[in-house]
Amino acid sequence: MTRTLAALVLVALGLAAGAARAGDRPEIQITDPRGDKTYRAAIQRFATKGGRSEQAGAAVHEALQKGLEFSGLFSVLNERAFLEGAKSPFLDGAPPVNCPNWRQIDADALVQGEVEASGEGVRATFRLHDVARCQALVRGKRFTGRNDDARRVGKAIADEIVEAFTGVRGVADTEIAFVSNRGGSKEIFVMDADGANARAATKNRSLSSFPDWDPTGNSVVYTSYRHRNRPSLFLVARGPSSPGRILAGLNGGRPIYRGVFDPKGSRLAIVMSSEGNTEIFTVERGGGGIRRLTRNRSIDVSPSWSPDGSKLAFVSDRTGAPQVYVMNADGSSQRRLTFQGGYNTAPAWSPDGRWIAYEMQVGGQFDLWLIDPEGQTNVPLVTHARSDEHPTWSPDSRKLAFQSTRRGRPDIYVIDVGSRSEDALRITNAGDNTNPAWGPYRR
Amino acid sequence: MQQLLSSLEDERQRQFRRLLILSALLHAALGFVFWWSPLKPAGTALPAVVRVDLVTMADLGPAPKPAEAPAARPPPPPPPPPEVKKVLPKQPAPLPKPKPVEAKPKPKPPEPKPQEKPKEEPKPPEPALAPEQDYEDVLAQLRQEAGEKSPQPVEQAAALPAGGPTGLGQVVSPEVARWMRDVKMHVTRAWILEPGFRLQVLETKVEVDVGPTGEVLGMRVTRSSGNPWYDESVERAIRKATPLPAPPEAGAWPFSFKPSDLL
Numbered sequence: 000m001t002r003t004l005a006a007l008v009l010v011a012l013g014l015a016a017g018a019a020r021a022g023d024r025p026e027i028q029i030t031d032p033r034g035d036k037t038y039r040a041a042i043q044r045f046a047t048k049g050g051r052s053e054q055a056g057a058a059v060h061e062a063l064q065k066g067l068e069f070s071g072l073f074s075v076l077n078e079r080a081f082l083e084g085a086k087s088p089f090l091d092g093a094p095p096v097n098c099p100n101w102r103q104i105d106a107d108a109l110v111q112g113e114v115e116a117s118g119e120g121v122r123a124t125f126r127l128h129d130v131a132r133c134q135a136l137v138r139g140k141r142f143t144g145r146n147d148d149a150r151r152v153g154k155a156i157a158d159e160i161v162e163a164f165t166g167v168r169g170v171a172d173t174e175i176a177f178v179s180n181r182g183g184s185k186e187i188f189v190m191d192a193d194g195a196n197a198r199a200a201t202k203n204r205s206l207s208s209f210p211d212w213d214p215t216g217n218s219v220v221y222t223s224y225r226h227r228n229r230p231s232l233f234l235v236a237r238g239p240s241s242p243g244r245i246l247a248g249l250n251g252g253r254p255i256y257r258g259v260f261d262p263k264g265s266r267l268a269i270v271m272s273s274e275g276n277t278e279i280f281t282v283e284r285g286g287g288g289i290r291r292l293t294r295n296r297s298i299d300v301s302p303s304w305s306p307d308g309s310k311l312a313f314v315s316d317r318t319g320a321p322q323v324y325v326m327n328a329d330g331s332s333q334r335r336l337t338f339q340g341g342y343n344t345a346p347a348w349s350p351d352g353r354w355i356a357y358e359m360q361v362g363g364q365f366d367l368w369l370i371d372p373e374g375q376t377n378v379p380l381v382t383h384a385r386s387d388e389h390p391t392w393s394p395d396s397r398k399l400a401f402q403s404t405r406r407g408r409p410d411i412y413v414i415d416v417g418s419r420s421e422d423a424l425r426i427t428n429a430g431d432n433t434n435p436a437w438g439p440y441r442r
Numbered sequence: 000m001q002q003l004l005s006s007l008e009d010e011r012q013r014q015f016r017r018l019l020i021l022s023a024l025l026h027a028a029l030g031f032v033f034w035w036s037p038l039k040p041a042g043t044a045l046p047a048v049v050r051v052d053l054v055t056m057a058d059l060g061p062a063p064k065p066a067e068a069p070a071a072r073p074p075p076p077p078p079p080p081p082e083v084k085k086v087l088p089k090q091p092a093p094l095p096k097p098k099p100v101e102a103k104p105k106p107k108p109p110e111p112k113p114q115e116k117p118k119e120e121p122k123p124p125e126p127a128l129a130p131e132q133d134y135e136d137v138l139a140q141l142r143q144e145a146g147e148k149s150p151q152p153v154e155q156a157a158a159l160p161a162g163g164p165t166g167l168g169q170v171v172s173p174e175v176a177r178w179m180r181d182v183k184m185h186v187t188r189a190w191i192l193e194p195g196f197r198l199q200v201l202e203t204k205v206e207v208d209v210g211p212t213g214e215v216l217g218m219r220v221t222r223s224s225g226n227p228w229y230d231e232s233v234e235r236a237i238r239k240a241t242p243l244p245a246p247p248e249a250g251a252w253p254f255s256f257k258p259s260d261l262l
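Protein chains in written order, with numbering that gives the first Met the number 0: chain A, 0 to 442; chain B, 0 to 262.
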């Protein structure tokens, strides 16, 4: 008994001494994780049952790999480096993850799963392991879709993995609307965020431009001249039918050059002719409650909503040259935001509210810059010798899509913002492609 | 005649005395003038004595404590997604194709861009930010070199590779300083930071139990950044960096993770 007590006292003293010493020791400060380091993902091919599942499994695997790489936050390990099989076990009753085996090949994430395809569609379940901490981040999550949704399922899993590691969902499973003349006339097209699966959304055979997504992601508003050769707003929606022309009778049918949905989708900011120039208005989706926000003899265009819908960035040449301004959503407190550069336009407010991307004319071409909404920080983002225009944010605020003539003809490119990389990824390859509009997270 | 000579002599002596007195008075007056002269510099012409105390960094004691986490720290994000099964919504049909309408020539720009007016040449873009110099490393190296070359006892000359609440000014041996620098490099290499975190003010403090051969025996978050994903990236970095270089002393060592390059 005495011995036990003495031992306990010794242990307590030891712990106290250890704690005191930890506090006394100098702190090792880690401040500068350099380079564009990425998490390394080991993806085992999902277990499948039956021939149809094999095909779906391959599609899921490929889309998952591409989706993770598209995030810019992950690189995918070659399965030939695996110390274990390339094929995932079925998750039900799968053996526990042998972390040292994956740590040894420098994997940060291990992805396992299973895919089943049947007449009812594709069903994929995955689990995600944090190798360094040897902990499950996702124990089992299931995605289902139609048989031709296998690629979407893979991308959705990739976005989940990005979220599990960073707290913010990835954007592989999102879409970008844009304008292309690849079919002859300028039409609205929609493609996956990585440029895959591009398809025409309109066949107006008329000039269409300025697409903008409804925040639900179910429809796109755009400008077209198909009605009496005058600019008007149209809506194209998923599903069997589309509303077509909207806000038709507004202010006696005056030309509307552009419409942008507010973050709730209940109102639009529109650019409309008024007293010989263009002014910015807001109006309910159905056409009611019109409110004029700008009133002057100058041109006011390019509205972009703040993510909370309380403010708008826009462009005005009221001082003689186009500059970016910010105002409240009721038109009050209009203030100039950009002072550097003689010609600034096309503001795009980031979904996280931190930045407004815009174009600055530099020596006859346009660069992309970022400015914070208070105008304290103003930094160049894309400064290519050719023009980079029409920035649009991904819903996670990590990326920007824009149009660029760096190859001669305009194409759509995507760039990672946080890394400040100028290695923009070109995601279109046919015709002239302009006016990208990144869609919201898909629900 | 003699009387005349005598009176002349007396007169000469009187004159001499008068001159002497006059000279003395003049000297006194000049002295007084110089003493009271307005040209006299105010105060002493010598610079004030500046007392310089040469001290080693070790004498300074702990540096001021850094500010606590800023109030503007983002609120803790929601907990990690629950392990629930999610059903992917059915792939919506591709956006429908409206009925073709007659082609109408209309090559007008839909939204007129404001007319460009002659402007002065826009300023060239700001130069990209220069790569961050690892100040702490350089400082540590300089201090360490100073310590090794100094004839003074190493305890006074050697300093830490990293400042901080208990860092700057704390006395450590060159061996410890060297180990801390190596550990810093080792852990920095293992730390993968999502670029988005660089744009936020985040700091996580952990205490790591380091075994005699550098193995990580355990770790505790002593101050969370408030962002669980950021905290996890820190823990991941420590785990990936295992084993650390063998420490001069096994035991608990404090670490702080805070990106310095915010843009």
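Among the clues, some could well be false.
As the list claims (entries may be wrong) - Simulated pairs of lysine-lysine, DSSO-like, Cα-Cα distance not exceeding 30 Å: (1) 257(B) x 239(B); (2) 239(B) x 65(A); (3) 310(A) x 263(A); (4) 86(A) x 36(A); (5) 263(A) x 202(A); (6) 263(A) x 257(B); (7) 65(A) x 36(A); (8) 86(A) x 257(B); (9) 48(A) x 65(A); (10) 257(B) x 36(A); (11) 86(A) x 65(A).
Keep in mind the hints are simulated off the structure, nothing from the lab. Keep in mind that this is a model prediction, so the values were computed, not measured.
How the hints compare with the structure:
1. With a C-alpha separation of about 18 Å, the suggested pairing of residue 257(B) with residue 239(B) holds against the 30 Å cut-off.
2. In summary, the hint linking residue 239(B) to residue 65(A) is supported, as the alpha carbons are separated by about 25 Å, within the 30 Å threshold.
3. A C-alpha spacing of about 13 Å is found between residue 310(A) and residue 263(A), which places the hinted pair at or below 30 Å, so the restraint holds.
4. For the hint linking residue 86(A) to residue 36(A), the alpha-carbon distance of about 27 Å falls within 30 Å, and the restraint holds.
5. Taking the CA atoms of residue 263(A) and residue 202(A), the gap is near 28 Å; set against the 30 Å cutoff, the hint holds.
6. The hinted pair formed by residue 263(A) and residue 257(B) fails the criterion: a straight-line CA distance of about 36 Å is larger than 30 Å.
7. Taking the CA atoms of residue 65(A) and residue 36(A), the gap is near 17 Å; set against the 30 Å cutoff, the hint holds.
8. Taking the CA atoms of residue 86(A) and residue 257(B), the gap is near 39 Å; set against the 30 Å cutoff, the hint is violated.
9. For the proposed pair residue 48(A) and residue 65(A), the alpha carbon gap of about 23 Å is at most 30 Å, so the pair holds.
10. Of the supplied pair hints, the one linking residue 257(B) and residue 36(A) holds, its CA atoms being roughly 17 Å apart against a limit of 30 Å.
11. Restraint check for residue 86(A) and residue 65(A): satisfied, since their Cα atoms lie roughly 18 Å apart, inside the 30 Å limit.
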